[in-house]
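Visitor: Each chain, written out:
2 protein chains.
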Amino acid sequence: MSDEHLGQTVAAAIDTQALWDLLMRVAEIGGLPNGGVNRQALTAADTEAKNFVIDWAAAHALSSFQDEAGNLYVRLDGSDTQAPPVFLGSHLDSQPTGGKFDGAYGVVAGLEVLRALKALGLTPRRSIEVVAWTNEEGSRFLPGATGSSAFAGSRSLDDMVRAETTDGTKVADDLRASIDATRAPRRSMWTVRPAAYLEAHIEQGPILESEGIPIGIVEGIQGVCRIAIEIVGETAHAGTMPHRMRKDALAAATRVMSALQPLTNAGDDILRLTFGRLQVWPNSPNTVPGKVDLIVDLRHPMQSEIDAVAARINEVVAQEAPPCRGAARIVSTVSPVHFDSAIRTRLKRACDVVGHASRSIISGAGHDALHLARICTTGMLFVPCRNGVSHHESESATPEQLVAGARVLAAAAWDLAQT
Amino acid sequence: MSDEHLGQTVAAAIDTQALWDLLMRVAEIGGLPNGGVNRQALTAADTEAKNFVIDWAAAHALSSFQDEAGNLYVRLDGSDTQAPPVFLGSHLDSQPTGGKFDGAYGVVAGLEVLRALKALGLTPRRSIEVVAWTNEEGSRFLPGATGSSAFAGSRSLDDMVRAETTDGTKVADDLRASIDATRAPRRSMWTVRPAAYLEAHIEQGPILESEGIPIGIVEGIQGVCRIAIEIVGETAHAGTMPHRMRKDALAAATRVMSALQPLTNAGDDILRLTFGRLQVWPNSPNTVPGKVDLIVDLRHPMQSEIDAVAARINEVVAQEAPPCRGAARIVSTVSPVHFDSAIRTRLKRACDVVGHASRSIISGAGHDALHLARICTTGMLFVPCRNGVSHHESESATPEQLVAGARVLAAAAWDLAQT
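Here the protein sequences come in this chain order: A and B. Going by the numbering used here, 208 is the number at position 208 of the first sequence; the sequence numbering is gapless. Going by the numbering used here, 288 is the number at position 288 of the second sequence; the sequence numbering is gapless.
Pulled out of the complex, with its shape left as it was, chain A reads as follows (with noise of 0.2 Å):
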C-alpha cells in the first residue's frame, strides 16, 4: 500500500467518538461550573492532567517521559527508532477561566493519532510522540511557552524559573513538585531532538468559521508589537477653561487614534492595531484631561510592516499631539514567524488525502510552535471554533470540527514519520 493511501488508512481510523470523550475527559480536570477550565501551569490541576496523560499512555501500551521543563512526552516507537522523532502536540495549561479546547485539542489529537495507529496495528519508519508542553499561556506566571522555549533553546529555563506565581509561590518550587508528583520517568530535554513538529490548535478567530472552511493551514505567526503612547498636556476647569487654551490630554489621543484609524481600513485585513488600553488623568467629569497613557498592540505578518506601522505611529503621535506633549516607544516586540513552505505543502496534501477544503491562514496569536519552528520543521493547523471565541469559558467547537483537524493531523503525522 502506498504511503499515501496508508495515511488516509490512519485518517479514517480516527474516531470521533474517542477523540471526543478523551477530550471531554480532560476538560473534567480543573473544569468550572460554567464549562470552563482552570488548570493553570504546575497547579494541582495540570498536574493531575499530565498524571492522566500518562496512566492513559500506559493503558494504551505506550511510554511516557518527563522533562527538565515539566514537558510530557508520550512515545510510539517507530521501526527506526534511532531517527529522529515527529512531534505532535500543544499544551495542557489553561487560563484562569478558559476554555476546553485551547491547547488541551493538540494534545489530544494527538495521542488519538497514537491510537488509531496502534489499534491499526501501524509502525511509521521514525517514532511519533505526542508533547504537552508547560506553561503555554503565561497566566499564573511569565514568560508563557516556558517549556517549548526552553526545549528549543530560545529561553535558559533558569532564567523563566527565577519569578513567583500569581499564587505568591516560587516557580522554581512549583515546577519541581510538578514534575516530583507524576509518574513519567525523567528524560533530558537535551537528549532528543525532533524531525518535524506538528500543532493542531483551534483558530481563536472567527474567519474559519465565518468562510465555511474545515482547515487552516498556518502560514506564520503574526509578530507583535507593543507601543506606549504618553500624551501630556494640561489639567483645567472644564467650565472656565475656554477650548483654544486647553491643552486637553484626551483630545489629543482622540486625534491620535483617528489619525491611525485608516490603516485598519485596508482590503486585506492582515495588520491588527487595537487601542486596547487607555487610560485618563485626572478621569474626572469636570476636569480637562492633564494626561492620557495608551498602548497600541501592532500585529502583522511581515516585520517590515510593523516596522512601516510603528514609524507611522511615531508621526502621528508628533503630528497629531500638539499643543500636548506626545510619546510613543516601543515597550516589547516578538519577531513574525513563517512556517516552512514545504511543511505547507505536506498539510495540504494531508487536508487532500482526508478530502477537507483548506486555507492558508495567519496565526493572530503565539503558539508553542513559534518556539519550535527555530530547531525543526514546524507545522500548524487550525480548526474553526464558535465565534471566534477563546480564552473564555464560552470557548467551543463541535465534535466533527474537531475530527476533521485530527484527521488532516494523522495523515500528516504518517507522511512525516515515513520520511
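Be careful, since some hints might not be right.
Since copy identity is lost for identical chains, a pair holds within one copy or between any two.
[Claimed, not checked] Pairs of lysine to any residue residues, derived as SDA-like cross-links and limited to a Cα-Cα distance of at most 20 Å, are as follows: (1) K291 with Q279; (2) K170 with D3; (3) K291 with H392; (4) K291 with S394; (5) K118 with T9; (6) K291 with D269; (7) K291 with I330; (8) K291 with S258; (9) K170 with G366; (10) K291 with N387; (11) K291 with V331; (12) K170 with H60; (13) K348 with E211; (14) K170 with P143; (15) K118 with I270; (16) K118 with R176.
Keep in mind that the hints were calculated from the coordinates and are not lab data.
With chain A's structure known, arrange chain B on it following the hints.
Guide: For chain B alone, kept in the frame of chain A given last:
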C-alpha cells in the same frame, strides 16, 4: 458730594496692604505646607475661620450674626436700618487641596469695604452685610452651595443636611457643632431679605489674565449638562479578530468624540464640551475593548444651545456607534443664570468711576450668586488669577489684581446702598 464722587472716595480708601494681610491671615487657617488651604465646610478649620471673622468684626465695632445654615453675616448699619440691606459675600470653605483665593477673596474684599467705610466715617443709606455662605464647594458633602441655596429657598436645608460627610460624620451634627462653636448670635435666615447681592471672585479661568483686563463683569453663569454615553461592543482577541468583524467600543467612542470635536472650534469659543472621564473595559492591551463609558460635560450660557448640542450628541452617538450599540442620557442639568442687566450697568459704571478697564464675561463655574439671583438683584465681578488655575494649591493672584476688584466692589456697593 455726589454719590458717584463718594463711591470714588470709598474705592480709594480700600487699602492694598490691609486687604492682602487679611486674606493671608485667613489663609493660615487650614493652611497647607505648600501654600494651599484645606478648610472644608464645617470642619474645625472652617469654624475657626468664622470665629476669626467674628473677632475681626468686633475689633472694628461691627456686629456678626449666624443663621440656621451656619451662614455668617457681618453688618454695617445704614442710616435706614429698616431698608433691606445690600449683601456682599462669597464663602470661606475650600476644596481639600484648594487655594487661598477661591471664596475667601469675596468675603475679605467685603470686609475691607466695611473697614474703609468705617475709617471714612461714612454711613450708607442701606445697611451693608458681608456674608460667608456655608459649603459652597461641596467637597466634603453634597450638594454644594448649601448655605446660599437654603437662604434663597431653592433647596431645603433639612433635606441637604441628611447626608454624611466624607469623614463619615453626619452633616446635621457637624452643622450644629459648628454653629455652637462660633461666637456670633443667631439670626434666622428668614428675617432678612437683601435688596441686592454682589459677589467678587477670582475668575478661575484664563481670559482676564490673557487679555490683560483687570475686571470681568459677569453676565451670567453657564448652564451645565452632564451626559453619560455608554458604548457596548464585543471583546475579542487583538491578534486574531479581523478589523472588519470587530465591534470595538473604543474605536466607536473615538468616532463619537471626533465627530463632536468641530463644535468646540467655533470662533466665539463660548460652548464648553469636555470629555473628562473615559473608562474602557476590560482595558487590557491584547483585547479589543468591549465597552466604553464616557461622561460629557456640556456648558453654555444659553439653555437653547445646551439643548441643541445635547440633541447633536444623541445624533452622533446613533451615527457613529455602530456596529457597537451606543446610548446617551442626561444625568444632571443646571440651567444657566443671567444676571440683571441693570446691575451689570452699575458694575460697569463702578469700573469707570474707579478707572479700571472691564469686559463682560461668562462664569464657567457655579457660585453662591446663582442662588441669590433667584431672590434679589444679583451681580458678580471677577478678577484675574494666575494661569486661570483654581481648585489647586498653586492658585494665585497679585495684591494689585485683588485690590482692583475690591475697589470696584466698594464703589458698586456704595452706589447700591444709596438707592
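Visitor: Could you work out which earlier hints the structure fails to respect and list their numbers in ascending sequence?
Guide: 2, 6, 9, 12, 15 and 16
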